[in-house]
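Student: Keeping their order, the protein sequence lines are chains A and B. Residues in the first sequence are numbered from 1 upward in steps of one, following my numbering. Residues in the second sequence are numbered from 1001 upward in steps of one, following my numbering.
Take these hints with a grain of salt, some might be off.
Claimed, not checked - With a cut-off of at most 27 Å between alpha-carbon atoms, the simulated DSS-like pairs for lysine-lysine come out as follows:
{"id": "1", "chain 1": "A", "residue 1": "277", "chain 2": "A", "residue 2": "192"}
{"id": "2", "chain 1": "B", "residue 1": "1019", "chain 2": "A", "residue 2": "192"}
{"id": "3", "chain 1": "A", "residue 1": "265", "chain 2": "A", "residue 2": "277"}
{"id": "4", "chain 1": "B", "residue 1": "1070", "chain 2": "A", "residue 2": "200"}
{"id": "5", "chain 1": "A", "residue 1": "231", "chain 2": "B", "residue 2": "1046"}
{"id": "6", "chain 1": "B", "residue 1": "1053", "chain 2": "A", "residue 2": "230"}
{"id": "7", "chain 1": "A", "residue 1": "231", "chain 2": "A", "residue 2": "281"}
Stated by the list, open to error - Examples of chain B residues toward chain A, derived with CB under 7 Å:
{"id": "8", "residue": "1028"}
{"id": "9", "residue": "1033"}
{"id": "10", "residue": "1037"}
{"id": "11", "residue": "1046"}
{"id": "12", "residue": "1075"}
{"id": "13", "residue": "1077"}
{"id": "14", "residue": "1079"}
{"id": "15", "residue": "1082"}
Calculated from the structure, these hints are not laboratory results. Treat the numbers as computed from the prediction; the structure is a model and nothing was measured. Don't be surprised by glycine CBs; every beta carbon is placed ideally from N, CA and C.
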Amino acid sequence: MTETSRISTIEEHPILEYIRRDRLPHIFCSACGIGTVLQSFATALRSLNYDMDNMVIISGIGCTGRASGYFAADSYHTTHGRAIAFATGVKVANPKLKPVVISGDGDLFAIGGNHFIHAARRNVDMLVLCVNNFNYGMTGGQMGPTTPVSAITVTSPDGNIEHPFNLVSVAAASGAVFVARWTALHARRLTKSIEKALQKKGFTFIEVVSPCPTLYDRYNRHGTGLEVMKKYREISVIRNFSDPMQAEIDYRTRIVCGEFVDSEKPEFSDLLEEHGKKLQKGD
Amino acid sequence: MLTRQERVPILPEEESEMKWRIVVNEDWCKGCGFCYTFCPREVLEKSDKFNTKGYYPPVATNIDRCVGCKLCEAICPDFAIHVEENAKSKKGEK
Ligand SMILES: Cc1ncc(C[n+]2csc(CCOP(=O)(O)OP(=O)(O)O)c2C)c(N)n1
Ligand code: SF4
Ligand code: SF4
Ligand code: SF4
Ligand SMILES: [Mg+2]
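Chain A on its own, in the form it takes in the complex:
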């Protein structure tokens, strides 16, 4: 991080020391939840006083994929779906680094789905922050692997017939050591979960259910982003350490939020190093 980016006067927003200020205001639509997620992430970095020389922020492609470009950190905007593959490479090449992947539901679970499950299975140390807006925002609002049954998108104009992934269940079943879900409304709880996840070593995953008022929420007549956030307030329930298989997201009834998994197991880059040493010694 450059010296100048650390200078802040009292009236300046405290998180701006982690942000590339010359890139603001950002491109996200009014009331889009992606901005709130970036805000929470920066707030977590600040409260941990995180040494940014040890972090790499990585995104795939999509509206959320723009995230990596806004942080005053080493960052990489990968090709579509490959953020986790890139993050795995970063971790193996230099195990001192903490890769953080911030990307969308489509990027991480459609084209990038296999990278996700295998990085979780191997327990590669990284934080994956997924902004789940139930569609491909950047390309105009197509259905994807998290689009709920019967939801309207440009590619499901008569209602989606496919069953969606439950992301926290996929993450837990694949072996992630920390799994949480919040909505953009839960900004402060989200910040706390990010802080926890950043202090863990292993594959950590946080899903953030987020408004896309320009596309998904408009096609589904959910109203403005503000109305979507009010709906989240009405229907979300917090069930920490409940079964992620049962943690449904149903816009008509309820969204189950909370921290579902917080466990420990040996991490991939540590195992790799140990293994390498063993082979060198010849035992």
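Please arrange chain B with the ligands on chain A, whose structure you already have, making use of the hints.
Tutor: Just chain B with the ligands now, with coordinates in the frame of chain A:
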């Protein structure tokens, strides 16, 4: 073309005993309404003046009710609002 403006604290305008100070960067605000809708203390309201982009930023009409919970700051998608402790209220500090 927008330029980044210096942030100006909206209140208090004069010497005040207020513990918290709310700082809004009006020209970054995209008028989503999250801050003034979800503030648990009804400190904020929608301004009646629009910014350079045509959005209505928040104003603090009830600053003495603010408890410094910083929900407005946490929830703002555009880094347009934050809350500072008033230097004057920090007893024993400069
Ligand atoms: C290889 C490849 N295939 C398809 C695309 C088109 N594409 C760009 S973004 C995107 C999906 C983004 O959806 P998501 O990850 O949910 O991000 P959002 O925009 O919703 O935040 C797709 C399919 C691409 N850029 N590259
Ligand atoms: S299209 Fe949707 S996801 Fe993309 S910036 Fe706009 S509101 Fe956000
Ligand atoms: S800090 Fe809390 S009480 Fe004060 S204006 Fe913000 S949301 Fe309202
Ligand atoms: S939350 Fe931020 S962008 Fe939304 S109205 Fe308040 S200051 Fe403006
Ligand atoms: Mg998406």
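Student: Indicate, hint by hint, whether the structure satisfies it.
Tutor: Hints, verified against the model:
1. Distance restraint check for residue 277 of chain A and residue 192 of chain A: the Cα-Cα separation of roughly 37 Å exceeds the 27 Å cut-off, and the hinted pair is therefore not satisfied.
2. With a CA separation close to 25 Å, the supplied pair residue 1019 of chain B and residue 192 of chain A stays within the 27 Å bound.
3. Taking the CA atoms of residue 265 of chain A and residue 277 of chain A, the gap is about 20 Å. The hint holds against a cut of 27 Å.
4. Between residue 1070 of chain B and residue 200 of chain A the alpha-carbon distance is near 26 Å, which keeps this suggested pair within the 27 Å criterion.
5. Annotation: proposed proximity of residue 231 of chain A to residue 1046 of chain B holds, straight-line Cα distance about 20 Å (limit 27 Å).
6. Note on residue 1053 of chain B and residue 230 of chain A: the hinted pairing holds, with a Cα-Cα distance of about 25 Å set against a maximum of 27 Å.
7. Distance hint between residue 231 of chain A and residue 281 of chain A is unfulfilled; the C-alpha atoms sit about 60 Å from each other, more than 27 Å.
8. Of the supplied interface hints, the one on residue 1028 of chain B holds, with its beta-carbon coming within about 5 Å of a beta-carbon of chain A, less than 7 Å.
9. Interface restraint check: residue 1033 of chain B against chain A, minimum CB-CB distance 4 Å, threshold 7 Å, status holds.
10. A cut of 7 Å between beta carbons decides the hint on residue 1037 of chain B: the least distance to chain A is about 6 Å, and the hint holds.
11. This hint is violated: residue 1046 of chain B has a C-beta 11 Å from the nearest C-beta of chain A, more than the 7 Å allowed.
12. Nearest Cβ of chain A to the Cβ of residue 1075 of chain B: about 5 Å, under the 7 Å cut. The hint holds.
13. A hinted interface residue such as residue 1077 of chain B counts as satisfied when its beta carbon comes closer than 7 Å to some beta carbon of chain A; here the least separation is about 3 Å, so the hint holds.
14. For residue 1079 of chain B, the interface hint holds, the least distance from its beta-carbon to any beta-carbon of chain A being 5 Å, beneath 7 Å.
15. Annotation: interface hint on residue 1082 of chain B holds; nearest CB of chain A at approximately 5 Å, less than 7 Å.
Checked against the numbered hints listed earlier, the structure breaks hints 1, 7 and 11; every other hint is satisfied.
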